[in-house]
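**Q** Listed here are the chains, written in short residue letters.
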Amino acid sequence: MISMIRDLRYAMRTLAKDYGFTATCSLMLAFGLGLVIFMFAAIKGFFLIELPFDEPEQLTHVEYANPKLDDDSIEVNWYDYLEMVRSQRSFEALAAWSGGTINLSADEVPERYDGVFITANGFDVLRVEPILGRGFLPGEDQAGAPLPVLIGHALWTNRFVADPRVVGKQVRVNGRDATIVGVMPPGFEFPIRNQVWIPQQRPAGEPRTDSVSVEVYGRLKPGVDVVQAESDIGAISAQLAKDFPDTNQDLVPVLKPYKDEFVGRQTKRIVGTMFAAVLLVLLIACANVANLILARNTERTRELAVRTALGASRWQIVRAMLAETLVIALLGAGLGLVVAQFGITALDRALIASEDPAPYFVDWSIDWRVALFAFGIALVTGFLAGLLPALRASRHDVHDVLKDAGRGSAGRGLTRLTRGLVIGEIALSCVLLVSAGLTVRSTFKANEVEVGVRMDGVLTGRIGLFESAYPDAAARQAFFRALLQRLAEVPGATQVAVTGSLPLSFIAHEPVLKQGEAPPARPNDRRFAGHVPVSPEFFATLEIPVLEGRGLSAGDQPDSALVAVVNKEFVAKVLGGATAVGSQLQVGRAENGAQRTVTIVGVVGDVLHEGDLEDGVEPVLYVPLAQADLRFASFIVRGAGDPLLLAPAVRRAMQQVDRDLPIYWLRTLEDWFRLALFDHRLIGTLFGVFAGFALLLAAAGIYAVLAFAVGTRTREIGVRRALGAQDQGIMRMVLGQGLKQLAVGLGIGMLLAAVFAQLLSSFLLDVSTLDPVTYLAVLAMLGGVTALACLVPALRALRVDPMEALRYE
Amino acid sequence: MNAALIEVRGLEKSVASRGGREFILRQIDLTVAAGEFVSVMGPSGSGKSTLLNIVGLFDADFAGEYRLAGQAVHALDAKARGDLGRATIGFIFQHYHLLDDLTVAENLAVPLDYRDVRAAERAARVADALDRFQIVGKKDLYPNQLSGGQQQLVAVARAVIAAPKVILADEPTGALHSTQGKMIMDLLCELNAAGTTIVQVTHHEGHAARGTRVVRLQDGWLDAA
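So the protein sequences, as listed, match chains A and B.
Residues 1 to 809 in this note's numbering are what the first sequence spells out, letter by letter.
Residues 1 to 225 in this note's numbering are what the second sequence spells out, letter by letter.
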């Protein structure tokens, strides 16, 4: 131990003297280590979640899966939840929540929040209490009970100025009178990043199929494990499937620790693939540093021979060499923490901007775990980068070296090792560049996706009508008519419309049967189509072409025949290409008494909705807004110029219709498109960064090795010149050395890249993992950069003066 | 007659060449008793350095027998040879080969580091060596701040600090001018007088004569033992 400390002290002194070398190596490792530390922080956040609750290991998430539909995450129907609560024996208590819009108004204009509708015992199960006031009481989640509200600490601080008198304050929530009963602790934003909670109050007599789906969680009883609980809930679920085959057939319960709920299969694959990618970058950095150390060690042969002559064993030489790489690696890890922090900050900002943040307790900040990991990975890196050079350095012919007055000699073996490392670097860079190329191509493809509408110049916003203010369909229809009229009067607005579902955002589905078609024996085998109520101006406003028949018109009223317009995909998938206009459909669930006969009056072009980016368009049925009943809808306003300039006037128009109704998600259609592309862009950006680092490192490594090789061959070059070699000959000699390594590295790299790319296949949109354009581009880029890296030393070789070279010795 | 410290019998060293094997040393029989000061002389290419290499345990690829301090070197594995070398041999090189990044005192400590001498004892022995060789004032200087003679002086001090049984010196005055060379030879004679066995390779007849015996190598053969 004392010897190691001595070695470390000597290493630090030696490296401080050779600060250029030290800085170069540390920076190289900092890039690789920084990326690995960044990815570890992400892994820590997602996979090593520590729920901030008492005895978090007892908290279990309950949901359904439908193996026949390959859907492994289905929320639980509210009434199923109630049955579970009644019959289960494994949990101390079960609770549930669902998310939704909460409009909260105190004394001023209401503000919309991503709210949480939670059972009264929801916080008791978590064992979290408000810091002011009280939590929800039993019974407060019953229909008709007075409405209490809990608010988050940030909301209390920002909107209510941390006034302790907020408890008891009368407010309006979704149009209803409510009372703030408590303030939750600082940092508490259960379940995601929420600040407003109200009890889940379901209306009495609500049909089962109309009810909400909820996220269920519970606290296991002592001594009960997840497997036992799953069996318990499984029995309840089996009975529900017997009692309600239409809705519950094929559903199986899935129980898992609550913290595992936020990491799906896709997330695991993405994070795993990225971690593998950054490890490749680190390996490239290690190879670079190893090469630099090998080169430097040739100049230290004399020192090492002296140490051996003075009694140093091979292990002592190796230990001394490893101490130096360890110091470099630790320096690199320190800088790497800074690099990682930049990455974490950028990722945080990007996720918040995407409006899909991770839950509040996902913490990927740099803490003691990340620091410990950084230290550990630095040790491994120091070992990886330093072992081969150290073993190499410890083997030398002592007396020959010392007798020769200390001139080092590279030797054939060293050159072979160096060449091998360079080939490895090129191969690994190839893998990363191909991955980046494929993901970037995928992003470009996503950008080019035909949405099916004209997106520029359109402002959209969403509104939610609440029962208390708009108790029936007639009231809601009247609202939409008034809204359309006001929006049409907005200065600068050329066209306006209302829709239940915007392109590229979520869409509702209804079961659909062709006229005369028998319903399937199993309810789960029903065919569903997108179901979108729209105002008549919808197609014209978004410039969706009407291909056959007509669009929807003002004449399509509640008392006229029920009509619909379908998209091309509907004609192909549902009607099998048969004539659409004039044919009839059965739309809706018969078991709810909601099935109705609808006549197709037109066919329009395909439009992309939620999730379609990867899956392609789906069959969609557009029905007249007047013949549907919407509580949540989006409005569309097309203007001549920048649509965001319409926003103030649009808000005023809304105020004129209902001053208590806030608009949310006020954004352009192009913004929706950007959000839809977020995942693709994020993955493409990250892989691009990894590949950029890899390319930089590989180019630097190849340059350094070749520059050193030219240096050691100065005498040889001088002799060749003296013997008559011309510029082309010298260039061929130097470039040939580098280009040979490039060719071998590329060959190996392309094969490895094709294998690695398979990990990316599920993220790629319309791009093959063997996309020839990508592979050729990578060949050209890596080849070009490497050739440049070879060129500088080659040009330097041309400047070697033969006489100087021959006097070199 | 003192006990033999170095005993070489039938030592041969050859390397592979196009025509078969090329012999560098042939049938060397040499005994160096404890306390002797033996000078090995011969023209370039006679095998002097190769012999010193083998005696110094740097080269284990030889035929014949070699006993050092009673141990059969030819039968030892690499680790055992290393241990024997640390316990027995000190080296002085023609070009001093001090470590440039270490001070004089630190250079002296290096052999002790490799022999696991405790810190306190190490410091004491370094202090003794500095004092003995009268280089206390130079203990914090670096090799590039010393003259050639001073560097070789430090190298001699480094060679003896671990109290080796034998010092091997490869042309210890080869890189020095005459005054410095004399100083070093005086020092070696003092060490020998104090009981240290010395084997030196030299081209200098005068310096060779200062030892107790001269052996001559010619084309790999020993003229006298």
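The hints are simulated quantities; they were obtained by calculation from the structure and are not laboratory data.
There's no promise every hint is true.
[Said to hold, decoys possible] Calculated cross-link-like contacts (lysine to any residue; reagent style SDA-like; alpha-carbon spacing at most 20 Å):
(1) A:K17 - B:L99
(2) B:K79 - A:K259
(3) A:K17 - B:T103
(4) A:K17 - B:P143
(5) A:K259 - A:K17
(6) A:K17 - B:K79
(7) A:K568 - B:L99
(8) A:K17 - B:Q145
**Q** Are the hints correct? Go through all of them and say.
**A** Verification of the hints:
1. The straight-line distance between the Cα atoms of K17 of chain A and L99 of chain B is roughly 14 Å, inside the 20 Å bound, and the hint therefore holds.
2. A distance of roughly 55 Å separates the Cα atoms of K79 of chain B and K259 of chain A; the hinted pair therefore is violated under the 20 Å criterion.
3. Taking the CA atoms of K17 of chain A and T103 of chain B, the gap is near 14 Å; set against the 20 Å cutoff, the hint holds.
4. Restraint check for K17 of chain A and P143 of chain B: the C-alpha separation of about 15 Å stays at or below 20 Å, so the hint holds.
5. Simply put, K259 of chain A and K17 of chain A have alpha-carbon atoms about 50 Å apart, too far for the 20 Å limit, and the pair is violated.
6. A hinted pair counts as satisfied when its Cα atoms are at most 20 Å apart, and K17 of chain A with K79 of chain B does not qualify at roughly 33 Å.
7. Between the alpha carbons of K568 of chain A and L99 of chain B the distance comes to roughly 83 Å, so the proposed pair goes past 20 Å and is violated.
8. For the proposed pair K17 of chain A and Q145 of chain B, the alpha carbon gap of about 17 Å is at most 20 Å, so the pair holds.
In summary, the numbered hints that this structure violates are 2, 5, 6, 7.
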